[in-house]
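There are 2 protein chains.
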Amino acid sequence: MDLDVLRGSEGALDGPVRVAIDAMGGDHAPDEVVIGATDWARVNPGAQLLLVGDEARITPFFEGAQPSNLTVVHASEAIAMDEQPAAAIRSKRDASVNVAMRLVREGKADAMVTAGHTGAGVASAIINLGRLKGVDRPALAVQLVTDSGPMVLLDIGATTDSTGQNLFQYAHMGTIFAEQVLGVKDPTVALLSIGEEGGKGEMRVQEATELLLASKLRFIGNVEGKDLPKHPADVIVSDATVGNVTIKFFEGLSSFIFDQLRTEFKRWPLGPIGYAFMRPGINRIRRRFDYERLGGAPLLGVKGTVLITHGRARRRMIGFALDVGAAAARQRIPDRIADALG
Amino acid sequence: MDLDVLRGSEGALDGPVRVAIDAMGGDHAPDEVVIGATDWARVNPGAQLLLVGDEARITPFFEGAQPSNLTVVHASEAIAMDEQPAAAIRSKRDASVNVAMRLVREGKADAMVTAGHTGAGVASAIINLGRLKGVDRPALAVQLVTDSGPMVLLDIGATTDSTGQNLFQYAHMGTIFAEQVLGVKDPTVALLSIGEEGGKGEMRVQEATELLLASKLRFIGNVEGKDLPKHPADVIVSDATVGNVTIKFFEGLSSFIFDQLRTEFKRWPLGPIGYAFMRPGINRIRRRFDYERLGGAPLLGVKGTVLITHGRARRRMIGFALDVGAAAARQRIPDRIADALG
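So the protein sequences, as listed, match chains D and S.
Quick note on the working numbering: the first sequence kicks off at 157 and runs consecutively.
Quick note on the working numbering: the second sequence kicks off at 157 and runs consecutively.
Chain D extracted, bound-state conformation (with noise of 0.2 Å):
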C-alpha cells in the first residue's frame, strides 16, 4: 500500500488550469496555506491560482513579489476549526471558503482546495455547489496505491451516520471514479466491515451488502482492516467514521514506525553503520508512506471539483494538494459521476 497523487491529463480543459484555493482555512492558515499556494503558483506558471481570503492578512507574505499567475480574491470572513460547520457556512456568507466555493459554481476556477474543517467545506459544497442527481450525500474519497495498482477508499469524512443506501451510492461513485478518472478496467467492489462472512458486521454494512448483490457492480464482499494493505478489492466502502480512523491511524502509525527505525539507526555503534548501507531503500520505503504526497481527498457527488486536504498542512503539503487538485480539474470528476449516473 502507498500514497500518491492523482495522474493522467485526460480530458484536459480549454485553456491553463484555474484553480482557487481557501487562504484562511486550516490549522496553519494564512501563513503556511499563502506560502504554499504562492511557491506551487511559481513552479506552475501554466496555470492560474485564485487565493480567497483576507487581502490584508494575505498580501504581506508575497514581499512585494507576487507571481502573475496568483490573483488574491478578498473575503471578508473565515470560518474557525471549532465553530459548528453548518451553522457557521449559512451565517458568513462571505466566508472564503463559500467563495472559493462560488468561483467554482461561476466557472470561475475549474477546481477549489480547502485545509479548513472537513465539516464545513463539505456543507459549503452542498449548498453553493448542490449535490449530483442520484445523490443523497457526498464522499470523500482518499487514493492509495498499492502494488496491484490503485485503491480508493471512501468515505473518509464527508458524511457521519451514514445509511446502507448511502454506502450503496459511495460504491456508486468510486467504481466510477476508479474507472473514469484511475483507468481502472472493471473495479471491484467491497465494504470495509467487521468480519468477512456476509452475515457480520453492522446494520448499514448488511443493507449495503443486499444493495449491491441486487445491482451491476462488481461486488467481492466484505473485507477487514488487515487486508487493506493487500488490495482487496479496487473500491474499498466504509462509512465516514470507519474511513477517517483508518486512514489517519495509518498517518499516525506510519510515523510511529519510522521514528522506530530512527532511534535504531542512532542507536550507536552499529544503527549508524547500518542506516550507511540501509539509507536508499529506507527512503524508498519511507517515500512510500508519506503522507503529505497524498494532497487531498476529492469530494464526490456534489456539482464541482473539491479537494479537502489535511487541517494540519503546511506549506509542502498544500503545494501537492494543489497538484493534486489541477489534476482533478483537468479530469472533471462531477461531469463523469453525473454521466455516469445519468
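Source of the hints: derived by calculation from the structure; they are not laboratory data.
Since we're looking at a predicted model, the values are computed, not measured.
Treat each hint with caution, since some may be false.
Derived DSS-like pairs (lysine-lysine); straight-line CA-CA distance at most 30 Å [what the hints assert, rightly or not]: (1) D:Lys341 to D:Lys289; (2) S:Lys386 to D:Lys386; (3) D:Lys422 to S:Lys341; (4) S:Lys422 to S:Lys264; (5) D:Lys248 to D:Lys264; (6) S:Lys422 to S:Lys248; (7) D:Lys372 to D:Lys289; (8) D:Lys422 to S:Lys422; (9) S:Lys341 to D:Lys386; (10) D:Lys422 to D:Lys264; (11) S:Lys459 to S:Lys289; (12) S:Lys341 to S:Lys289.
Given the structure of chain D, go ahead and fit chain S onto it with the hints provided.
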C-alpha cells in the same frame, strides 16, 4: 505503541489456575489449537488445562503422550465460522464453545479461551454466563502497550451498532479494567472519532460525550486515529466496527511494513550488509509489532473470564492466548468490574 500480554498475578486463586479452551473453534481447529494447547500444558505444569471438543478428533494429536495436567472434556458439536452465530449457539447446546463456557459458569474452570467465531463466542458468553449488572452489551478489550504505559481499546468486536449509552458503559468498564487490572491510577478516557472537536462525529459519539461529561470518569474528549500510537488516553472507546478495523489494520500494516523492510534487506549488495548491522534493532522493533504476542482480547461485561483470540491463530498464538487467559483468570476481572459498577 506496542502489543503486550496481561501481566501481574494479584488476586491469586486458591490452587492452580484452570483454563478451558474451545478445541473446535478457529480456522485451524482442531489441529493447531490442540497442538498449541498441549505444548502450553507441558510448559505450564502448574496450570490445569481443559481441552473441550470432539474427543475422537482431539486425542490422536497427543500421540500417546497426554500431559497429566491436560483433561479432555467431550463436546459433540461445533460451530462453523459461517454459521449465523446467535442461532447456532442456541440450537447446538453441546457445541464446544457452549460446553467450555458452562465449565466457567459451574466453577470448573477459571477462564475460557476460544479462537472461534467472535459473534458465537459473545452470544455463548451472554447465554451461558449472563451479563454483569449495569451492563447492557459486552465489549472486547485489547491492551496495547505504549512508551507511556498500557492503553485499553474497546470495543473491538463484541457489539455491532452500539449506542451512546453502550459506549458510555464501555468507558466505565475500560476504566475499571485499566485501574484494577493494569494498575493505571485515575485512567483518562477518550472517544475515538473523526475529529478532535466535540461537535464532530456520529450521533452515538455525541450522545456518549454528553454522558461522559456528566459522569465522574476522567473524560478528555475525542481523539483521532493518528493519535493512537501516542497514547492519547489510557482508555480509548469506540464502536466495534471502528475498533475492529483499526486493530486489524494495525496487524495488516505492520506485516506490510516489515515485508517492505525484508525486501530492502535482501537487495544485493547493500541490503544484507545493512541488515547484519541492523538486525538487533530491527528485531526489537519487530517484537513490538508481533501481533501474536497479544494473545487475545478479554470480553468485558459478562459473568466469567472469557478470552477471544484470533480466528487465524496457530499453535504459537494459541499459547499466548492461554497465557493471557490464565493471567486474566488470576485477576478476576468480572468480579472487579461487578464490584466497581455495584
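Hints, one by one, checked against the model:
1. D:Lys341 to D:Lys289: Within the cut-off at roughly 24 Å; holds.
2. S:Lys386 to D:Lys386: Roughly 26 Å separates the two Cα atoms, so the pair holds.
3. D:Lys422 to S:Lys341: With Cα atoms ~34 Å apart, Lys422 (chain D) and Lys341 (chain S) exceed 30 Å; violated.
4. S:Lys422 to S:Lys264: 52 Å, violated
5. D:Lys248 to D:Lys264: 21 Å, holds
6. S:Lys422 to S:Lys248: Violated, at about 51 Å.
7. D:Lys372 to D:Lys289: 19 Å, holds
8. D:Lys422 to S:Lys422: 22 Å, holds
9. S:Lys341 to D:Lys386: Distance ~40 Å between Lys341 (chain S) and Lys386 (chain D) Cα, so the pair is violated.
10. D:Lys422 to D:Lys264: Roughly 52 Å separates the two Cα atoms, so the pair is violated.
11. S:Lys459 to S:Lys289: Roughly 9 Å separates the two Cα atoms, so the pair holds.
12. S:Lys341 to S:Lys289: Status holds; Cα separation ~24 Å.
Of the numbered hints given earlier, the model fails hints 3, 4, 6, 9, 10; all others are met.
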